[in-house]
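Chemist: Chain order of the listed sequences is P and S. The working numbering numbers the first residue of the first sequence as 181 and each following residue consecutively. The working numbering numbers the first residue of the second sequence as 12 and each following residue consecutively.
Read the hints as simulated data drawn from the structure, not as lab findings. Here the structure is a predicted model, which means the values were calculated and not measured. C-beta atoms are modelled at their ideal positions from N, C-alpha and C, and glycine is treated no differently. It cannot be assumed that every hint is accurate.
[As the list claims (entries may be wrong)] Once the Cα atoms are required to be at most 25 Å apart in a straight line, the calculated SDA-like pairs of lysine to any residue come out as:
no. : chain 1 : residue 1 : chain 2 : residue 2
1   : S       : Lys-51    : P       : Ala-627
2   : P       : Lys-430   : P       : Ala-657
3   : S       : Lys-41    : P       : Thr-459
4   : S       : Lys-51    : P       : Asp-643
[Said to hold, decoys possible] One side only, chain S facing chain P, incomplete, derived with CB under 8 Å:
no. : residue
5   : Ile-49
6   : Arg-53
7   : Pro-62
8   : Val-77
9   : Val-78
10  : Val-105
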Amino acid sequence: MSSVELTSALLDRIDAANPRLNAFLARDRERTLAQARAADARLASGAATALTGIPVAHKDVLMTAGWRTTCGSRMLEDFVAPYSAFVVERLEEAGMVLVGKTNMDEFAMGSSSETSYFGPVRSPWNPDYVPGGSSGGSAAAVAARLVPAATGTDTGGSIRQPAALSGVCGLKPTYGLCSRYGLVAFASSFDTPGPFAQTAQDCALLLNAMAGHDPRDSTSLDRPREDYLRLLGAAGGAKPLAGLRVGMPKEYFGAGVEADVEAAVRAAVRELVELGATTVELTLPNVELAVPVYYVLAPAEASSNLARFDGVRYGHRAAKYADLTDMYKKTRAEGFGAEVKRRILVGTYVLSHGYYDAYYLKAQQLRRLIADGFRAAYRRCDVIVGPTAPSAAFKLGAKTDDPVQMYLNDIFTVAGNLIGAPAISIPCGFDRNRLPIGLQIQGDNFAESVILNVAHRYQQATDWHRREPAEVAAERAR
Amino acid sequence: MALSSGDVQRIAHLARIEITPEEAAEVEAKLAGIFALIEKMRGVDTTGIVPMAHAQDVALPLRDDVVTEDDRHELYQGVAPAVQSGLYLVPKVVE
């Protein structure tokens, strides 16, 4: 099958599914097919990589030169990116074919993909339910088999949580591994680009292309190149996880976690033990503080990053205003949605005179305490597992009235962003409403290969990751 | 951390976001909930703990002070709401 054939088929599938799912924003069939033709030529010439000709979708927070890049916001409704993000460049160099930009919570602020100015994304498993967020469009697109690979960004869980709620694999690499150049900034010390795919192995393949030093991002790490597939290729034998110590924090199980979720995750851990791993009971003190700490630090950074949206150089500008200050105020009132405004206000408050020490600095101190807790844990185990989210997907509108209810979806994911360490979410079952449940596997800094390998061996012994939404299975049968 | 409507207007001004009197009540109520969440972290003793600003302990990389970028004026200003002679147009500030 040629890239043109594969790409055309997927574009048709997207056309049919998108009115229902609203997973995609900008699309350009002609441009996409031109890339597919170029990929076919490259495949014929023998200069191809493993990713050449494979369709990919990029979360709309990533700049893609010449394509509309909206971040799910009215502020950037008509904004066409003048340059591409590093991770976009890398996947383009590898020969991937861009099929479109995916819908998301506005400026990556959300856990359900409901705050997009362009309407919510719906779960391919049940259209009344959310796909998770903020990278819900990317997660839904992979779950609905509209594209085999997609990119997302994870600031508080925005790759892992939608991966869990949509039944796909989503990886948050170590902070600094993938350059943030061209990633429209939400919280600069947390934002992390990463891949979505159907398998951990595909995530590793994508990470190989996406990771790398970039002098244009001052927080980009300069480290020797790694092959994230290397452990996956090794012969496993009957006990491929022999010697692996799997940490199970008591704070991740019990109260606050839905019964179906806990049952599925415990079953997954039993499978890891079958594969040779041993479990270690742990406690992670201060983990319950991770959510309030995150909701001080991330909004603070956001209030600074989003100050650039003022109607002067790009994006929305109010039509009517009395003077410059009024232009700023009206532009930002019109351009931003309610959740984005709330977070900017919270951030402005905690950074303001008289409050900085009590809130922002305090939160940074707690960030170190939480990080120290994880460092101590990793002396006793190799990976830490638990549910990615406390429940499976919820219905659209169920949590939009109370911001704090929405924030509590991030309870198991935010710590990974506070400490910067890698984590993956993979499918491990379904709840009583037949909605997907995700297992989160966390590792210490730079342990991507280890967590990918654990996920891969689990996927060789189970088939949760191969389950598909009813519509997709039905289409396959036709 | 009880918020007053004066607080909301002050922060809105700092953030350069217009909040109308009609919106203010709802904004205040939703913010109150968020601040109640944040209050939970205040009771923990953090004496002597060095703040963690960044996920990785790295120093800001430096480079040689030479010109490396080319002129992309047209490209970057192509997306602007209003430009003239390479300058961004905004309402007059100084009379």
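Chemist: Are the hints correct? Go through all of them and say.
Modeler: Hint-by-hint comparison with the structure:
1. Lys-51/S / Ala-627/P: violated, 32 Å
2. Lys-430/P / Ala-657/P: violated, 43 Å
3. Lys-41/S / Thr-459/P: Not OK: Lys-41/S and Thr-459/P at ~42 Å, beyond 25 Å, violated.
4. Lys-51/S / Asp-643/P: Violated: Lys-51/S and Asp-643/P sit about 41 Å apart, past 25 Å.
5. Ile-49: Nearest chain P Cβ about 5 Å off; hint holds.
6. Arg-53: Constraint on Arg-53/S satisfied, holds at 7 Å.
7. Pro-62: Cβ of Pro-62/S sits 3 Å from chain P, so the hint holds.
8. Val-77: violated, 13 Å
9. Val-78: Check failed: Cβ of Val-78/S comes no nearer than 15 Å to chain P, outside 8 Å.
10. Val-105: violated, 10 Å
Going through the hint list in order, the structure does not satisfy hints 1, 2, 3, 4, 8, 9, 10.
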